[in-house]
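Colleague: Going line by line, the protein sequences match chains X and A. Each residue of the first sequence is one higher than the last, beginning at 1 in our numbering. Each residue of the second sequence is one higher than the last, beginning at 1001 in our numbering.
Calculated directly from the structure, the hints in this document are not laboratory data. Please note that a few of the clues may not be correct.
[Claimed, not checked] Subject to a maximum C-alpha distance of 20 Å in a straight line, what follows is the list of computed DMTMM-like cross-link-like pairs (lysine to aspartate or glutamate): (1) Lys296(X) - Asp1056(A); (2) Lys285(X) - Glu374(X); (3) Lys321(X) - Glu292(X); (4) Lys261(X) - Asp1056(A); (5) Lys1166(A) - Glu1176(A); (6) Lys285(X) - Asp348(X).
In this text, all values refer to a predicted model and were calculated from it rather than measured experimentally.
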Amino acid sequence: MRFRTLALVFAAASSVLTPLTSTAADPLKIGMVAPLTGPGAESGRFQMNGAKLAVEQINKSGGVLGRPLELVVEDDQTTNPGAVLAFSRLAGDASIPAFVGSIRSTQVHAMAPDILKTGKPVMIGGTDPQLTKLGNPWLFRFRPNDSYSARVIADFGVNVLKLKKWAIVHSTDAFGTNGMKNLTEALQKLGATTVLTQGYTNNSQDFTPVALAVKQSGAEVMGTYMTFEPDQGIFAKQLRQLGVTISWVGSPTTVTTTALKLAGPALYGSYAVVDFNRDSSPAAKAFAALYETTYKSTPDVFSSWTYDAMTVLARAINTAKSVEPEAIRKAILATRDFAGAEGTFNFDQNGDGLHGYNIVRNDNGTIVFDKHVEFRD
Amino acid sequence: MGIALQLLFTGLGVGSIYALVALGFVLIYRATNVVNFAQGDFAMLGAFSMVVLCIDLGWPYWLGIVLTIITMALFGALFNLGVYYPLRHRTFLPVIISTIGASILLENGVLAAYGPRPQSLPGVFASQGFSIGPVFFDSQYLTILAVTVFGVALQYLFFERTLLGKKLQAVSQDKEMASLLGIPVAFMIALTFVYSATLGGLAGILVAPILFVSVQMGASIALKAFAASIIGGFGDVTGAIVGGLALGVIETFGAAYISVPYKDGFAFLVLFVFLLIRPQGIFGERVAEKA
């Protein structure tokens, strides 16, 4: 009995002492919140692949502060409570100085209060513009936010395609609703009219009412903010079946590998804004080549943002020469002209790293780079 | 007019998917007095089996269907042995929890084995469908409607005109009495699971070309199918069909004429009204507590 008590005390003491006795070669842990199960599990794998690839590259070139990086992943189950739980589990580990995730705005909103309490930097991919204006200094965005995607969609449709009568179709989640608001605003500024604004809930089994509404609206062009690929696929197919052939400029989901496969010919000829396209820059090309040799599949936006997030984070910790949250924060915000897979990172004081988007076209199933639009304001 | 007809066709198509899955719910409920929460996952398994056989292995479509149905029948027997049989003498609660557990296991099992990427499966017919006037008839929805009608007719004949069907009915009405009459109750229940799993698998094969094949495809259909079977009258075969079709039509029209985002809301509003005013459903009979 006494021996067991002694052993317990010893075990407890050693677990408390471990951080103090860690040597330089001990891995530096970075927490990651990603959807490994649930409707977003598909994107979760891409996100993990991107982050792991960056970790491998970083460790090959000497790691961070002389220590190798180690990724600790917690499943968010593609739900908000899941994300909060996953983050709190990671935040419980005091040796983790920074975190990556999530790409879903609604989840970042859910985690934000805990992130503020934890007081450590979190790299996010959610594109709701509000996220970096919450007064939360610990959120750093590695994708251009939706105010840019909406401006690029509107600008391209109105000024390049010369189409003025718009229909907007959007998911009713945070991503879709904010996208819709920003697009409506951007179109107004350009003098275009929105003849239909149609929301739908995620995982709808049928889009006939939506497709009919678009058909009846008399719109010349359609802007969409859809969250999940199966929804996008069902909608695209039913739209074409009902004879709707108007121009389509969509959010990044329109050109993910899965959306292309599910929707097939129904998406031919559509345009989309994407933050990642392999032909948009040499850094993007290099990342795509590396991803393909490692995973034997094509990378998409889900993998590029985690790759950039890990790379910029590691760079910031090395520059700061410290794992103190405030030092890392300052180093991330000081990042200028860093060529990542997603684009050139210039962090503003809100924590937004990117300020532009690429326009691509679905040319009979092949994604063709059209142009990059960068905003200075 | 054209729009209303289009909505009616789509509503019936969607409704027949709910009806097919609701049928599986009802059959198992009748045999065991338990709601099988893994019913939607039977559809998911059927769909994945088709993807493996016809897409990954490249076997002919008809062979895929035959093998999938055989696989699902075997799976139904296995499901009965693993999920229901060990708990058959317990109250309904442990069995329900057991089916919920099975559902989680199946979804995550397929996720682990096949990965999270949604798959597409071509329809039975090469053509997507045809237009008559302003109405587009999706060939897959037509197939589903036809199979549902055919399946219901076959099921009616089986339950009302064959000895085996009557034995199954006897078991669902009173297990003790059936057992006293020499009907092998456990075997009959196993048979019900086999049939339900096959039906679920068939639903999966049929909806896969429309909804795509993903791990959570079954769960979203099952929820609506469950509502449909309550509206129709839980435990009633005709009720499941009528409830399913009604739900499909109501939510499609509600989405088109009132609000798309509240589409799911209409389905559950109808369910709520029924639970409040007519809890036994359209065809259900008010059941008195057994003495």
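Colleague: If a hint holds in the structure, say so; if it does not, say that too.
Modeller: Evaluated hints:
no.	hint	verdict
1	Lys296(X) - Asp1056(A)	holds (17 Å)
2	Lys285(X) - Glu374(X)	holds (19 Å)
3	Lys321(X) - Glu292(X)	violated (33 Å)
4	Lys261(X) - Asp1056(A)	holds (15 Å)
5	Lys1166(A) - Glu1176(A)	holds (15 Å)
6	Lys285(X) - Asp348(X)	violated (25 Å)
Comparing the model with each earlier hint shows violations of hints 3 and 6; every other hint is respected.
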